[in-house]
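Take these sequences, add in the hints, and give me the full structure.
Chains as they are written, first to last, in our numbering: chain A, -16 to 53; chain B, 1275 to 1409.
Hint data in this document are derived by calculation from the structure and do not stem from the laboratory.
There could be a bad hint or two in this list.
[What the hints assert, rightly or not] Chain A is faced by these chain B residues, among others (derived, beta-carbon under 8 Å):
| no. | residue |
| --- | --- |
| 1 | L1381 |
| 2 | A1382 |
| 3 | P1384 |
Glycine included, every Cβ here is placed at the ideal spot set by N, Cα and C.
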Amino acid sequence: MMRALAIGGFLTAVLLFTAVEWASRREGSRVPTLGDVCAFVMRYEVGPVPVGRIGLFGFWWWLGWHFLAR
Amino acid sequence: MDHSRELTAEAPRTWDRPVVSVPVLISLSLVGGQLPSFSAQANLYTFGTGGALIWLGLSNRVPRRPAPRRLAPGAVWWLLPAAVFGVLEGATFVLSVGDDFPTFSRLADPLLDDELVRSTAWFAWLAAFWGLVRR
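Encoded structure:
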């Protein structure tokens, strides 16, 4: 029962990600694409240090290591 | 002189075209898909490919697409799937009861044992990484 809840919940999250991305790509949409959100986050800098860029790259690197090497 | 410099700056680099980058990403993914979990090779390969992409992304060697200065108000919709995923992942991680209430990565592990699925996951990871590098 709990396992089905977990699988259903994760599938719901994936479907929601897909639905929001689909909505963002419609003409005249007020929802930015996930790529635009990432690009906006990567603009964040503290002085000369691109904190947003380093943070997002680091997160994505860790994600790949976690799933593909561990 | 200035005219020729402008032409040179606007010409897309050969390796930056999809006809080059996509086959390179597919080749890297096929290699990555052969490497089993928890192996030294898989760790080294992940660190190598990821490290190279981070180096490219933090240097100015790759042209970047312009980033938006402001986000549209609809950006708040992204919180919905992120919250559903985050709450569920947090709950499964904290409760830590294994296969009865599995985390996302525990669910993904058996799928990633298949080489084709693993190569596809490698391609998705590398392609998204390449997309981030160019933003």
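Going down the list of hints, with the structure as the test:
no., hint, verdict
1, L1381, "7 Å, holds"
2, A1382, "6 Å, holds"
3, P1384, "12 Å, violated"
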